Amino acid sequence: MHQRTVLFTVLMSALVGSAAAESSTPKDVGTTRVVVAALKDERVAEEAATSLSQVDSETMERVGATNLSNALRYEAGVNVDMTSTGRMDNVRIRGVGDDRVMIAIDGAPIPMAFKFGGGYTDMGQGYFDVDAMKRIDIIKGPVSMLYGSSALAGGIFMETKDPSDFIREGQRYGGEVKFGYGTADRDQLVTATAAAKITDTLSAFVRASFRKHYERRNYEGKAYSENLLGAGRMHPNPAEANVKNILSKVVFEPSDAHRFALSYEYFNSHAWDDAANKIGEKPMAFPGMPTFSAHHTNMLNIRQQVNVRYDFNVETPIFDRGHVMGYYQSTKARQSVTEAREHIARGVFTEDRFRQSHFKNEQVGFNTEFYKALETGSISHELSYGANYKHTKVKTLRLGHSFNRQTGTSTETQTFPNKSFPDSKIHEYGLFAQDRIGFLDNRLEVILGLRYDHYSLKVQQGGPFLEANPGVLAPVGLNKGHLSKRLAVLYYPHDHHTIYANYAEGFKAPSFNAVNVGFSNLAHGYTAISNPDLKPETSKTFELGWNFNDEINSASVAAFYTKYDNFIEELKVVGHRNGVRLHQSVNLDKSHIYGLEGKASVRVLELQNNDAELRLNLNAAYAKGKDNQTKEPIDSVEPLTGIIGMSYGYSDRAFVGLNLKLVAPKKAKDISTALRDNGVTKMPGYGTLDLVGEYRPNDNIRINAGIYNLLDKKHWNWGNRMNQTTPRDVVRGTEPGINAGLSVTISF
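According to this note's numbering, the stretch in the sequence shown is residues 2 to 749, in order.
Hints are computed from structural coordinates only; laboratory data are not their basis. Heads up, some of the hints might be wrong.
[Claimed, not checked] Cβ-Cβ distance ranges computed for the label pairs, FRET-style:
#, residue 1, residue 2, range
1, LEU615, ASN299, 46 to 56 Å
2, GLY478, ILE739, 51 to 61 Å
3, ASP713, ARG444, 28 to 38 Å
4, LEU663, SER457, 39 to 49 Å
All figures in this text were calculated on a predicted structure; none of them were measured in a lab. Think of the CB as a built atom: it goes at the ideal place given N, C-alpha and C, for glycine as much as any other residue.
Could you build the full structure based on these sequences and the hints that come with them?
Right under this line is the structure:
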């Protein structure tokens, strides 16, 4: 076994051993047994038979969360990659991302990320305000048996706040105002919330927030600390963003058995950036290409969601409780790129070039779930079953023009308007059933689960898609069905201990932009063709684990092995036809990722008449991956990562935490030949130290502060380092040096 694996195992064994040894009678302070809503049952995390975590709003406040990346900064094995402009770029669980991790808010999945055209169309999934969330559940490993397509590698499931989160016991009204500032990106935040308990059964709240931030500084500093333009630039490019979010919710609870909730969310992000590093550079490394003298990007992202949910707790012959939910979600994105290009090969002139990409995704969804507990002799059953349906409409459009600045004549070589993808309609429905069977007075449990999903893609024929892409074959539809299975066994040797084995399957249906793509430029000798034979991407995970929780100390260890098949590579060169290079989405061969994960929380000392405690926390993840065909490593897998934290908490009045994050080097042997040939050869390891604190002088005021990278360590995030292919990219791509954040919340 590799030396780092041995070290990981020894470290975790020592820590979880101390967690078990410190066990005593539970008290009000310490850890709690967390019920994870994303599991679709009322079980606590220790009974999940899978690796998972939960981050609640209190934890997010204490770590200074302004986005999903820093909300999950201490979750080893989960990585949220951010661009230098502060936009969420990718979410990876156990080294797998790119839309293979489901992200959902209040049960509605966030639309897929959409990238095309070398940066001219780049729409991420960060259409939400993490400050509006009550909790975030993270499930590691495939959960397609519960959630269907896109939960291939795991899921991140967020739940927005309720009126009761702002109204104190015995009060009719409540709310809060929050102000925040962060130095890493000069982030400025203002939120205001008003809530009311209108009657004993009806409550509501409305929350509005405004956030303004600039480019995320790197180790060298912020953008305007350097005037140098071009490839030699060391500081980040200038960027600015205004983000607005409105969340409102009405809750009606006529009795303990019935709950109705109606919510509306509006998210608007408007961002700008200037690619100062591109000035003097060529768009592509072809002879005769012009150079940039200006490059400006303007991005607008809007998401709206309406969610209606009815929860019931009524015993009938077929269910004891359940819920019915419907939602409408609309996501619109517009990205405009304005360039000035200096030509010399076809005469000396300046070309003003404009490109604008539109992306619209509309979803209507419905899901229902039911739960029933049964006893058959000495055997117990907990049945959960349900169905879901989602209809998605996707539209894309590209506009553009190019002019000779000196003469005013058109220099455009492409046809506009055009579409890179045909307008598409996607129908998805799924049926699932799961039975948790208890033996030996429920000391032994077996979980059996099965789900069927059907995916249908229908495309619009003709129009701008074919007109603007000569030589491209007519777009095709798709009809696919898939079965996802799960088998888990749990054994409870003691009230505080769980041992489990889990087998779970995941899948991801081919996306509309993988099946059909308009990518044609006969003048440059390339075109794309559709692939109606694309297979779904699949995963199979085998996991063994142990959990411990006595409500004072907790610990868990898991070992996993995941096999992946039919990963889709888009725009792969598949041959030539009449001298034209052909690109097509294709399924790749098998690959696998394996690893170890562990975490623990141990009370070290009780202080101040048991009103305070000193606590040690640890979280670590180790993984390796390989492509079975090429025998090359999988680049997206993170190096060995460990977080060691020490915290002091006094009642609910004060909290101080010191967190050390250690990341091992990414060595050349762990990087594929293709990536090394592209200039990414290694990444040094690093350790960063963060100090966070919270103080509540009274019930109405909460002050949170943090100093991050306290030792001012120069380091890189591997998810971003993979895209840094030149020495200057590496310098410009560093993470921020020492930085700080502060927020003040006033409640009423």
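- Message: Holds or violated: the 46 to 56 Å window for the beta-carbon distance between LEU615 and ASN299?
- Response: Holds, since LEU615 and ASN299 (Cβ atoms, about 50 Å apart) stay within the stated range.
- Query: Quick one: are ASP713 and ARG444 within 28 to 38 Å, going by C-beta?
  - Reply: At 52 Å between Cβs, range violated.
- Message: Taking the Cβ atom of LEU663 and the Cβ atom of SER457, is their distance within the range 39 to 49 Å?
- Response: Given a distance of about 47 Å, which is inside 39 to 49 Å, the answer is holds.
- Task: Mind checking the hinted window 51 to 61 Å against the Cβ distance between GLY478 and ILE739?
- Result: Holds: the Cβ-Cβ distance is about 54 Å, inside 51 to 61 Å.
In summary, the one numbered hint that this structure violates is 3.
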